[in-house]
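Participant: The lines below spell out each chain.
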Amino acid sequence: MLAATSPGAIVVFVAAAALILGGAVGVLTVKNPVHAALSLIMTLFGVAVAFVAQSADFLAAVQIIVYAGAIVVLFLFVIMFLGVDRRDSVRLDPLVGQRAFAAVGVLITVAGLITLMARSHWVTGALSVSTKGHALATGSQNVKQLGTAIFTTYLFAFEATAALLIIAVVGAVMLARRERVADPEEVDV
Amino acid sequence: MNVPAAWYLILAAVLFGVGAFGLLTKRSALIMFMCVELMLNAVNLTFVTFARTLSDVGGQATVFFVMVVAAAEVTVGLGIVVAVFRRRSSTSVDELSEMKG
Numbered sequence: 001m002l003a004a005t006s007p008g009a010i011v012v013f014v015a016a017a018a019l020i021l022g023g024a025v026g027v028l029t030v031k032n033p034v035h036a037a038l039s040l041i042m043t044l045f046g047v048a049v050a051f052v053a054q055s056a057d058f059l060a061a062v063q064i065i066v067y068a069g070a071i072v073v074l075f076l077f078v079i080m081f082l083g084v085d086r087r088d089s090v091r092l093d094p095l096v097g098q099r100a101f102a103a104v105g106v107l108i109t110v111a112g113l114i115t116l117m118a119r120s121h122w123v124t125g126a127l128s129v130s131t132k133g134h135a136l137a138t139g140s141q142n143v144k145q146l147g148t149a150i151f152t153t154y155l156f157a158f159e160a161t162a163a164l165l166i167i168a169v170v171g172a173v174m175l176a177r178r179e180r181v182a183d184p185e186e187v188d189v
Numbered sequence: 001m002n003v004p005a006a007w008y009l010i011l012a013a014v015l016f017g018v019g020a021f022g023l024l025t026k027r028s029a030l031i032m033f034m035c036v037e038l039m040l041n042a043v044n045l046t047f048v049t050f051a052r053t054l055s056d057v058g059g060q061a062t063v064f065f066v067m068v069v070a071a072a073e074v075t076v077g078l079g080i081v082v083a084v085f086r087r088r089s090s091t092s093v094d095e096l097s098e099m100k101g
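Respectively, the protein sequence lines represent chains Z and G.
Heads up: the first sequence is residues 1 to 189, going by the working numbering.
Heads up: the second sequence is residues 1 to 101, going by the working numbering.
Worth double-checking, as some hints may not be accurate.
To be verified - Below are the SDA-like pairs computed for lysine to any residue, each with C-alpha atoms no more than 20 angstroms apart in a straight line: (1) Lys144(Z) to Asp56(G); (2) Lys100(G) to Gln98(Z); (3) Lys144(Z) to Thr62(G); (4) Lys31(Z) to Leu23(G); (5) Lys31(Z) to Ala29(G); (6) Lys31(Z) to Ser92(G); (7) Lys31(Z) to Val93(G); (8) Lys144(Z) to Phe65(G); (9) Lys144(Z) to Ala157(Z); (10) Lys100(G) to Val96(Z); (11) Lys31(Z) to Asp94(G); (12) Lys144(Z) to Phe47(G); (13) Lys31(Z) to Ser89(G).
FYI, nobody ran anything at the bench for these hints, they're computed from the structure.
Source: prediction; values computed, not measured.
I would like the entire structure built from these sequences, with the hints used as guidance.
Facilitator: Structure follows, in structure tokens:
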């Protein structure tokens with residue numbers, strides 16, 4: 001299996017895995033929320049590297065622009081707005097054994113996923129039926145292929161996401177809005 | 001020749017596990033949101049890996065929609081965090097116990 005793998009691909013994979021796992025562990029371990037957001041950027045960048053390595057060029061660009069550019073900046077806005085809160089409580093542990101139970105549950109889940117992957121044969125090397133034998137394009141052709149899929153096969157879902165985004169924006173504005181007292185006379189009563 | 005798909009799938013499973021562990025153990029609502037982002041990214045990585053293996057662009061289209069939903073979720077979630085903070089001056093989820101049965 002390894003004989004057919006080029007050394008460059010292995011280097012890219014190892015670099016991406018180091019970025020992803022290093023950032024993910026950083027999100028969990030650092031005390032300062034700002035540093036956690038920066039670790040999150042590292043993970044997102046690693047995922048973008050893995051996307052490029054698997055010929056999802058458009059998604060890698062979107063990953064950087066939307067996730068690292070917009071979502072993490074939104075996190076940072078909220079962290080700055082609320083003030084940096086360092087009290088993430090290792091000592092006070094209201095639920096007894098919460099960490100141990102979480103660790104055991106997560107280990108069982110991940111081990112189950114990997115076992116499922118090792119024992120089943122989903123990855124047969126056969127192409128998907130819906131592609132009609134076309135290979136996945138790379139580079140600028142990837143944008144064309146993905147755009148064609150989104151604007152034909154997935155057009156309804158695409159239109160629905162437009163409505164979803166509008167609803168999310170309106171909802172966020174309603175939630176974050178400060179309640180304004182309409183009539184000052186009511187305050188005195 | 002690219003690395004075997006199983007490597008990326010195992011990496012995604014481990015990333016999902018790290019995110020799930022953080023979601024279960026952290027107290028700060030902000031860090032919990034970041035852990036949800038980690039789990040979403042793990043799923044995205046799995047989708048892209050299967051898209052490459054099966055040569056089907058549908059997996060990549062799904063990742064596109066997952067990103068849109070994640071953006072909407074973060075927007076509304078952080079709006080809720082700000083609203084809660086304004087009322088309680090804390091983002092710790094342990095202190096939100098009014099609805100305890």
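Participant: Decide, hint by hint, whether the structure agrees.
Facilitator: Structure-based check of all given hints:
| no. | hint | in the structure |
| --- | --- | --- |
| 1 | Lys144(Z) to Asp56(G) | holds, 14 angstroms |
| 2 | Lys100(G) to Gln98(Z) | holds, 18 angstroms |
| 3 | Lys144(Z) to Thr62(G) | holds, 16 angstroms |
| 4 | Lys31(Z) to Leu23(G) | holds, 15 angstroms |
| 5 | Lys31(Z) to Ala29(G) | holds, 14 angstroms |
| 6 | Lys31(Z) to Ser92(G) | holds, 14 angstroms |
| 7 | Lys31(Z) to Val93(G) | holds, 17 angstroms |
| 8 | Lys144(Z) to Phe65(G) | holds, 17 angstroms |
| 9 | Lys144(Z) to Ala157(Z) | holds, 18 angstroms |
| 10 | Lys100(G) to Val96(Z) | holds, 18 angstroms |
| 11 | Lys31(Z) to Asp94(G) | holds, 18 angstroms |
| 12 | Lys144(Z) to Phe47(G) | holds, 19 angstroms |
| 13 | Lys31(Z) to Ser89(G) | holds, 19 angstroms |
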